[in-house]
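Student: Take a look at the letters that make up each chain.
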Amino acid sequence: MKQLKISILVFLVLFCSCEKTLMEPNPETNALAIFDEYSTLVKEKYGMLAYKNVDINALTNALRKKINESTSKQELFKTLGTITESLRDGHSIIIEDKSDKNSMYTGFSPMEGYPKSIDIVNILLPHYIGKEINPGIKVLGRNLIRGRAIWGTIPSNNKIGYLRIPSWAVAISDDEIERIFKDLKNTKGLIFDMRLNSGGDPALATKFASYFIDKPIYTGYERFKIGPGPNDFSNSEVTLKPSGSKNNYLKPVMVLTDRYVYSASTTFLYSLVPNKRIKTVGQKTGGGSGSVIDGYLANGWYWSLSVSEFIDAQGRHLDDGVDPDIPVKLNLEDTTKDEVIERAIIELQ
Amino acid sequence: MKKNYFILVIIITSMSKLCAQKTKYFFAGVGGSLTTFQDTKYSDVRYNGLGRIIELGYQRETLKSLYGINLELVQSKEKPSTHNATIVKTTNAKLQAKYLYGIKENFFVGLTWDALNVYKKRFKGLDNGNIYIINGGSVWLSSIYDYKKIRIGLDIGLASYFTEGTGFSYSAPQDLLEEGEFNYQNEALNNLMSSRYHKLQTIPKHLEIRTSIRYQFLKRFSIAYKWHFRKFSEVKNYPVTYGIHSISLRYNLYYRVKTKKGE
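Protein chains in written order, with the working numbering: chain B, 1 to 349; chain D, 1001 to 1263.
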């Protein structure tokens, strides 16, 4: 018995508080260690190196030679930013301090170089969705600009529905979605205005998409990075199932797009593309088809990376955006009408 | 999960009929905790923090057996070891049932079942990576040794049936990603408590140890130091490790000693 007592006590002494001895050591935070940490993250986790045609080993080997003990914080950030920029991916960014708006930031903006696609204050409100011109318009939330959802009919044709979701980064309950589609049910066609919707919750976007079908539809596959090796991928084939609601919208739909249609909005779009009743009108979309993960480097710098890529039912890589079925540009000099909406109305009449 | 609770109730009820009664007590405990964490899939940085522990339970002991149920909640705020960019709120909730057989008057050996063990972290400042969760249960080989007013406990995790909510590259279970079942209409993706991707892992691949030293300084009061260690790899070569240390004061809300004739 005495031996047993001693054994238990020895065991306790040996094992108590020892989880740290069984952990990996804390990483270094010098410039070279941070560079190596970020390089490894991109090599192992980024899901589109091949599609983006990035030779990550050549790039990081060349950049690593520039890092030494005297490399300043700014120089190091710029060097890491070179890797980030090479990905040409709006989801992949690096930020020195996320809580400080003035801190260093590197990312890619898919919107750069594209013209303005919508004028809410001078065109959309006075001619389409403002309460004065369109008393029947409904809104979830504060107002017609920042509302979670805006819906009703077009003032010039009350048989054409209008739905605008400014962002997917909001909460819209199942009951609210039902209410929206119930109100739109008696229209003969719908304009779904996605312009400026740069994403948010893809599950919410998918829920909306499920209202536009009455039977399951194959939408493509998401190719996920599942391990550190360059070929460690797994494909998730995606079939969209209908919502099951009696208010599903099965009439023609014109989805208005621009370069801001990104991320969860791309999720929404690829869910609808196989549907022949649905067409896109406006500008090329922004893309951002990958799922994103984020974290902190050992020195506290924030990073995010796309770890997957979506290839749609037509075999198209969506990350750089997709051209609309009907390209239309907004004429900002003529504030009496929105050419994109007007073209959608023509298509639906 | 309902099935688990049903089995738990059956076990407790049946055990109460098997054994000659010695003591039974309901207890509540509070104290402080010290937690550590490392997920090498994303970073080797260790997280350390201080917090609290709350426990509630019921235990019955005879010369031949010791059994009971216990609810334990640990909460802490952790900081990374190498920077100050984030704070991590950690919660660990456990519902446990145990049955130990008395080998000697002061030495018991048996099993503990964590019917529920949810370990959740929320990383401030992160978006998709902000929640880390392990959800499931474990079966332990348990031993208790009494020496005067000191009670020493040692549990070795035999098997664990659980889901880690974060895979190699994304905040979804690794099995879900490997099996190609990722889509936004997959309920298991949206429900952090789903058991659909639970996986059985056993020692030595899944290493889990608990120790405790309790000092009963008054009839109703005791103080204990406990340590819970866990290490496993859902993705090969990328282990997750965490430890929870706690010191807690326990008060027996109801305490009854009964000696049967012939004992």
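Be a bit skeptical, because a hint or two may be false.
Think about it this way: if two alpha-carbon atoms lie no more than 30 Å apart in a straight line, the pair counts; the simulated DSS-like pairs of lysine-lysine are [stated by the list, open to error]:
| no. | chain 1 | residue 1 | chain 2 | residue 2 |
| --- | --- | --- | --- | --- |
| 1 | B | LYS78 | B | LYS185 |
| 2 | D | LYS1024 | B | LYS20 |
| 3 | D | LYS1079 | B | LYS207 |
| 4 | D | LYS1236 | B | LYS73 |
| 5 | D | LYS1064 | B | LYS20 |
| 6 | B | LYS20 | D | LYS1205 |
| 7 | D | LYS1079 | B | LYS52 |
| 8 | D | LYS1219 | B | LYS20 |
| 9 | B | LYS207 | D | LYS1236 |
| 10 | B | LYS43 | D | LYS1205 |
So, partial list: chain D residues that the calculated Cβ filter (under 10 Å) puts toward chain B [claimed, not checked]:
| no. | residue |
| --- | --- |
| 11 | THR1040 |
| 12 | ARG1046 |
| 13 | GLY1049 |
| 14 | SER1081 |
| 15 | ASN1084 |
| 16 | HIS1198 |
| 17 | LYS1236 |
Anything over 10 Å on all C-beta distances counts as not near chain D; from chain B, calculated [stated by the list, open to error]:
| no. | residue |
| --- | --- |
| 18 | ALA58 |
| 19 | THR60 |
| 20 | ARG146 |
| 21 | ASN157 |
| 22 | LYS279 |
| 23 | PRO327 |
Honestly, the hints are just simulated from the structure, not real lab data.
We put the CB at the ideal spot given by N, CA and C, even for glycine.
Student: Compare the structure with the hints numbered earlier in the document and write down the numbers of the violated ones, lowest to highest.
Tutor: 1, 2, 3, 4, 5, 7, 8, 9, 13, 16
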